[in-house]
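Chains A and B supply the protein sequences, listed in that same order.
Everything in the first sequence is counted per this note's numbering, starting at 1 for the first residue and increasing by one.
Everything in the second sequence is counted per this note's numbering, starting at 1 for the first residue and increasing by one.
Any given hint could turn out to be false.
[Said to hold, decoys possible] Subject to a maximum C-alpha distance of 30 Å in a straight line, what follows is the list of computed DSSO-like cross-link-like pairs (lysine-lysine):
#, chain 1, residue 1, chain 2, residue 2
1, A, K69, B, K64
2, B, K64, A, K46
3, A, K77, B, K64
Everything labelled a hint here was simulated from the structure, so no lab data went into it.
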Amino acid sequence: MTKPATELLKGTLDMLVLRTLDLEPRHGLGVADRIEQVTQGTFRVKPGSLFPALHRLEQAGFIEGTWEKSPQGRRGKFYRLTAAGRRQLETERRNWAVIAVAVGQVLEAE
Amino acid sequence: MRWLTSLRSVWRTLFQSSRLDRDLDDELREYVSALEQRHAAAGLPPAEARRAALIECEGLEQTKERVRDARVGAAFESVLYDMRHAVRGLRRNPGFAAAAILTLALGIGSTVAVFSIVRAVLLRPLPYSEPDRLVFVSDQREGRASSMSPGRLTDLRRRADVLAGVAGSSEVPVTLIGGDHPEPLVAGTVSTDFFRILGVKAALGRTFDVGRENQRVAVLTHGLWQRRFGGDPSVVGRDITLDSGNHTVIGVLQQAFSWAPYGGAGRQPELWLPAPVGEIPAVPPGTPVDRLTELRDFYYFMSVARMKPGLSLDQVNAGLAVLAGQLAAEHPATDKSRGLYAVPALRQVTADARTPLLLVLGAVFLVFAVACANVANLLLGRTLARRGEVAVRLAIGAGRGRLARQFLVEALVLAGVAAGLGTLLAYVGLASLVSLVPADIPRLSEARVDGLVLAAAILAALGAAATLALVPVLELRRIPAALHEASRRTSGRRRGGRTALLIAEVAATVTVVVGAGLLIRSFAALQRVDIGVDRPEQLLTFNLALSEAQSATGTRMAQFYAELADRLRTVPGVRAAGGAMALPLSGEDYNTTVHIEGRPDPAPGENNRAGFQPTLPGYFATLGLRVVAGRDLAASDGAEAPRVAVVNETFARTFWGGQSPIGHRLRMSRNRSAPMLTVVGVVRDVRHRGPSEPARAEMYLPAAQMAFPSMAFVLRADGDPMRLVRAARAAVAAIDPNQPIADVQTFETYVRRSMAQPRFLAGLLAGFGALALVLAAVGIYGVMSWTVVERRREIGVRMAAGATPLAVAGLVLRDGGRTLAVGLAIGVATAAGLGRLVSGVLFGVRPADPVTYASTVAVLALVGAAALWLPAYRASRVDPVTALRD
Numbered sequence: 001m002t003k004p005a006t007e008l009l010k011g012t013l014d015m016l017v018l019r020t021l022d023l024e025p026r027h028g029l030g031v032a033d034r035i036e037q038v039t040q041g042t043f044r045v046k047p048g049s050l051f052p053a054l055h056r057l058e059q060a061g062f063i064e065g066t067w068e069k070s071p072q073g074r075r076g077k078f079y080r081l082t083a084a085g086r087r088q089l090e091t092e093r094r095n096w097a098v099i100a101v102a103v104g105q106v107l108e109a110e
Numbered sequence: 001m002r003w004l005t006s007l008r009s010v011w012r013t014l015f016q017s018s019r020l021d022r023d024l025d026d027e028l029r030e031y032v033s034a035l036e037q038r039h040a041a042a043g044l045p046p047a048e049a050r051r052a053a054l055i056e057c058e059g060l061e062q063t064k065e066r067v068r069d070a071r072v073g074a075a076f077e078s079v080l081y082d083m084r085h086a087v088r089g090l091r092r093n094p095g096f097a098a099a100a101i102l103t104l105a106l107g108i109g110s111t112v113a114v115f116s117i118v119r120a121v122l123l124r125p126l127p128y129s130e131p132d133r134l135v136f137v138s139d140q141r142e143g144r145a146s147s148m149s150p151g152r153l154t155d156l157r158r159r160a161d162v163l164a165g166v167a168g169s170s171e172v173p174v175t176l177i178g179g180d181h182p183e184p185l186v187a188g189t190v191s192t193d194f195f196r197i198l199g200v201k202a203a204l205g206r207t208f209d210v211g212r213e214n215q216r217v218a219v220l221t222h223g224l225w226q227r228r229f230g231g232d233p234s235v236v237g238r239d240i241t242l243d244s245g246n247h248t249v250i251g252v253l254q255q256a257f258s259w260a261p262y263g264g265a266g267r268q269p270e271l272w273l274p275a276p277v278g279e280i281p282a283v284p285p286g287t288p289v290d291r292l293t294e295l296r297d298f299y300y301f302m303s304v305a306r307m308k309p310g311l312s313l314d315q316v317n318a319g320l321a322v323l324a325g326q327l328a329a330e331h332p333a334t335d336k337s338r339g340l341y342a343v344p345a346l347r348q349v350t351a352d353a354r355t356p357l358l359l360v361l362g363a364v365f366l367v368f369a370v371a372c373a374n375v376a377n378l379l380l381g382r383t384l385a386r387r388g389e390v391a392v393r394l395a396i397g398a399g400r401g402r403l404a405r406q407f408l409v410e411a412l413v414l415a416g417v418a419a420g421l422g423t424l425l426a427y428v429g430l431a432s433l434v435s436l437v438p439a440d441i442p443r444l445s446e447a448r449v450d451g452l453v454l455a456a457a458i459l460a461a462l463g464a465a466a467t468l469a470l471v472p473v474l475e476l477r478r479i480p481a482a483l484h485e486a487s488r489r490t491s492g493r494r495r496g497g498r499t500a501l502l503i504a505e506v507a508a509t510v511t512v513v514v515g516a517g518l519l520i521r522s523f524a525a526l527q528r529v530d531i532g533v534d535r536p537e538q539l540l541t542f543n544l545a546l547s548e549a550q551s552a553t554g555t556r557m558a559q560f561y562a563e564l565a566d567r568l569r570t571v572p573g574v575r576a577a578g579g580a581m582a583l584p585l586s587g588e589d590y591n592t593t594v595h596i597e598g599r600p601d602p603a604p605g606e607n608n609r610a611g612f613q614p615t616l617p618g619y620f621a622t623l624g625l626r627v628v629a630g631r632d633l634a635a636s637d638g639a640e641a642p643r644v645a646v647v648n649e650t651f652a653r654t655f656w657g658g659q660s661p662i663g664h665r666l667r668m669s670r671n672r673s674a675p676m677l678t679v680v681g682v683v684r685d686v687r688h689r690g691p692s693e694p695a696r697a698e699m700y701l702p703a704a705q706m707a708f709p710s711m712a713f714v715l716r717a718d719g720d721p722m723r724l725v726r727a728a729r730a731a732v733a734a735i736d737p738n739q740p741i742a743d744v745q746t747f748e749t750y751v752r753r754s755m756a757q758p759r760f761l762a763g764l765l766a767g768f769g770a771l772a773l774v775l776a777a778v779g780i781y782g783v784m785s786w787t788v789v790e791r792r793r794e795i796g797v798r799m800a801a802g803a804t805p806l807a808v809a810g811l812v813l814r815d816g817g818r819t820l821a822v823g824l825a826i827g828v829a830t831a832a833g834l835g836r837l838v839s840g841v842l843f844g845v846r847p848a849d850p851v852t853y854a855s856t857v858a859v860l861a862l863v864g865a866a867a868l869w870l871p872a873y874r875a876s877r878v879d880p881v882t883a884l885r886d
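Looking at chain B on its own, in the form it has when it is part of the complex:
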């Protein structure tokens, strides 16, 4: 078999090359001496005979080279040789090797780490079957899909023929009773076809039977199963006790399952219950009975659907638009201005994380580019030092292609080692990096160095190698083949490659530093925002989700809250106590339409929405919100008392302009038989959604009149709020020992958590900016030092001609300064061009913020000047005598 023979030959070529070479030597020697003998026999003297023989052979060395090239596997062998040569070269210059490898490894490692995160969060398909066919259906075109009303969801399920199944999902707080302590959990309440539409199978047992909505069953998540039931398989079939009663566990989900329709905000459900999404929607318990009929005004179901096979997203959207038109015509009051849009599931989950992550990826990539440019300059310096060697090799016949290949192999070896080291660093450091990132990015914990990430690392290494090899190869063309040509040309063109790299470095650094500056200013602006709360460092907060016993009736709930508030106020050290359904900055958003008495119903599309909160008396006082008109809510606003509400300033301004709203009445529904509320007070604004969003119109209702089974309590302490924790728990336990409280933390901690992401981004970008600055400084310093060394002769000449040391130093400074200036200009232009992309994550700062740009330019100019100082000094110290002599 010929291929076997060829294989054997390749083997011999690669691993027995020295023996092959020796044999060839022997063979040729024999040939020459045989010829010699012949000539001698023909009568020539020995010396002549030998000469004649050699002439006939026409160059033994070249013959050997040709034989070697003809060998099978020759090309491969020479690459191996190049690699060994490259490694030897690196070992001979350990300082250079260490600097180059370390710089590259840091660049590659950080890029790989960030890319792992991007892969896990943004790129990896969701853990459902055929996830690219899943969409969320939303009422609004832009942004993330929002919740839908039960009535609309029902219509969607029945009539959207472009969708092969629509499921509704919502969350409900529940309490898991049993074991040592009751535990508040978030349960997902979903239509029975939810798991089927997602294509998710249970790991143990089964998921819901489609259509049987009234069963008291539950499906556990893997996490809950492990944590609370010790991973015991026999839990399937057993009953668990929730505050709403017993539920039979019918299955456990796989570990990989996750559900994050709001991105990372909010807690993931740990338990799944079937919701009767049919005629009667599953409304949160405690919702006033008359609202059950408002199927179209109350929005809380996320609808997730599977597109019909064979349809594209555009086709589905077209079909949905038709349905939306029909619904608008059938329900003009509620549905007139609402469309139906299909949002791909992955986009929904990743929407919030996309811009910040891509920003970080862009920044780290720029840092990587700067690192590459630095190492390329290092390598180039080394190449120029080896100019002599290269010229010699060219002279004795090495092809330029061969040398170029050698440079490429050197660069590949360097980049390869660095990539290996960098990937290792990333692998090891990924866990720590992930732990620093704020937790509300979905799927963050799944970040790992997997196949795709490794492929990206290899690509990065190849890219780095190509960059590294490029400049020496280009320089190669300029090296003269004739050795005697001295390098008299020392300026301008010859250093073009290095200067270009340096300019690129400076530009990239400017971009990263501008980005960091913008984010830092943005974060600072966020921190300065006055949320509206007075002296937040004195506040303690906790959440309460009432158990079944306590939330059986509205009265019972009201009693519980009132009693708890009273007890809390008697605790020594508590100056004030109060509660509301959701604290400011919680992001929880309950809103409703507002219909003011005496005014016509608002036209659809007209903004008439406001947030609402069941509130306990004392809430405003505790937070320090001043009541600017009318009165506060009081204990006398009980369930039997006239229905009242306190509104905030924005609400008053939105609906009544400059006039006082006190005494006016309004309804929270278009249904004219819904109860009227009288506005009795106006309170100062507090920011609800977050420091970056202005206060919205908000209505505060007495909790006794709109009972809700969960409440967030806030206490103002005389000193350190954490000292009140035990007393708070005791107060709750005194009323009901089985009632758990959750999320006990100071208000400051709570605020800080809500700003975790901007803080993290600013910090990370600042780190990258600092890294880029250091690299750029090193790069400038290195290149300028080399330039001074190269131009020694020229400097010597100038000094001999009368230039002062100062003038020479000025020369270097001017030269470097020019490069710096060009780099700065390009960098500023690039950053300005990219500014639009990051405006989404900025707050209180324009992308073209002049302060940021000015300070960036100043910092870089300073750093550049510092880097230039030493080379300039060295230039001024050149001794013209020795310089000219060399």
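Bound-form chain A, shown alone:
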């Protein structure tokens, strides 16, 4: 599996985390698992990138972390998207669409 160039994706990683938490609240490992699962292994987020991203988003107020007992009985920090985070996700989705189109145009241009 290719390890993605994490530096390039730092902003994108934030967006992926927000999107993952939009579906349901998870703890850190859960977020990493989900992303790996959905991208069928393309993106494997290591804790070295995941945790800085989670804490950054938490400090910015886009996600909220609470200590809870998971269904498995483990004590873990569960993250949930906030209203501000939902708004931020929308903004970033729109930006991503614009970027994708632009990159496509460059690649397809004669």
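Chain A is fixed; fit chain B onto it per the hints.
Quick look at chain B alone, frame taken from chain A:
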């Protein structure tokens, strides 16, 4: 609101960081164990499962570091951490901390104190409205503006369209009568628009009505109002009695008002009177009537003016030059060689104080630099001792930038504490320092630690911190990242930083000590000057300003003086008594043009000025001035007798060369109907302006023939002159009990006061020089000791190879000596280069005085050798066995 959230996050980062760290630990631990469980569930044995989990995580510590860095306010938090670390480091080494902080605090404190004085005296704007638009108009281009004649002032007022108003100001001694005792004061006599042009408003009441010149009104200064009238507001509207009659007080000025057109010389007026600066000038009462028409020959008005809005100084000067040309053409005899120049008001007031103050500021700054260099060396020594620690930190991944920042924060903490302490010292000590400074520096009493001074202190602290941090940071680059590299290189390049600092220290010290030496020699030369007075320690002096009653007519004044002189001579213990208008060294300067009979009128620009003094008979005898030709003034030279004068040697030489002037006649005016004076005697020179200025041409006229309402008396005593004080007062009171006398002091005190400034400067610079020497000695000693410690191995090797202890000591001495020599050379060059700047305050000594330089080099060499002695001795005592073993 996002910013609120961010703020909360910053708060948490700074103040709850330990809790955040614990949470992060827990979170990561849970993550790892969850992964572990997964691997175990997939079938791996527990140890393998754990290892696999950890490998997947790729470095937990680094993850934690990254999270911490990502936190909002992370940078700030790490700076705080650095600060706490720095403080802890200082507390662990209290000796080092105390030495460093104290040295820096002294350096910063003295710089701040001197800067407060410079700020108050030289930099602070004058207490008038828009003071940078005010100028003094002078006849001469260089130096301070001088007084102007009333006629010229009138022309200036009427015709200078580049100026939006010109006022004239002068002083007159008056006596305030009433209360328990009459008090002699100096009153400012000014044109009625004076306060308006300055833009000064009264604190109580009002200032003069412009244009109404003949009113008998007065404006009080705040000081006089408090002192003499107890700050009673009802004084406005009341009459006060001066010797010239009653005046109605119409106002009191604000406390901040001051007026010092002569710099600090002379007393500040405490009372203001309107002078009719119009057709008839206000001449000092008692001036012979025929001089009233000489509006252009007699100079005593300072003219202060406001530049027209929108004009620059150059434009104003251009306009004035045009007017000067016109006046020269209209009055060729008096005004031909005179220009008109606008001198900015601040420059006028500060002219005398500027060079000495800047000199002191420069010296204290150099001392501060030496102190900084010392502390930098101290710090560097400590850094080198921590080399191991730093290498370890580099090895485990700390960035060099981070470490450099840590050094900077350490330096800032040190400099910050020192600056705080130093500013406190300056604040507390400023009052004492000001009281030591001779009083004739204007606005000195206003020196305080204000906003600008604090800003300067902060700047000084930052500069110090930058210097302190610089060398450790530079050293940082040389510390190898690999721990195993031992410091085998011990010489030359590695110690470059320290050596450079040391050289700078020595150079700075040389400069300060040279400056001190020059000033000390200058002062000594001043003291050695023979003023011309014989046995000055026997003389007592006092000033007398005659009251209105006594100065009503010239005759009355002459009678008063004669009677007083006679009474004084009968006092037991008085060997001689006499008086003149102004004593030598008083700086008071009345001069006139001289027109000698039988000679053509001097061309304009040709020097034909001389000082003149109404003098009482017995004056020369009292001072011990020998009459070298002709005769002394006598009581017979009365008002009705033929007009005579005695001139001094310089006068005779200037106007008659080698020939005798006795019997020749002269006039004090170009007006041919002015009375002729016959020269009847020649007397020895006495220095009038000050010990540093040669005697000028001087004329002594009988007081009976040129009455003046004020006189300075001098008595020669048989023993201690102070014992005559009471008798002198009694003699005056016997003639008129309401007549006050002022400034009673021995002539020695009087002379000493006139030399107060050079004495103070020499003393202050000597103090700085001594301080710099001590600091430099400590610096040399410290660095050399460190060097010996560092080079122990090398010394051990040398000794093992056969070097004697003497040779090793010689090594240290040579090394230190070389640094010293380079420092001395640079210092001498610097001092020589700066020498030109201080030539203005020197007397009898050239800026490149070889004696001073030679003794400075000798002193520093001695001090340096003494500082090197102990390290050299220690080097010779190194035991090669232990040195090689370490």
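Against the structure, the hints come out as follows:
no., hint, result
1, K69/A with K64/B, "holds, 23 Å"
2, K64/B with K46/A, "holds, 13 Å"
3, K77/A with K64/B, "holds, 16 Å"
In summary, this structure violates none of the numbered hints.
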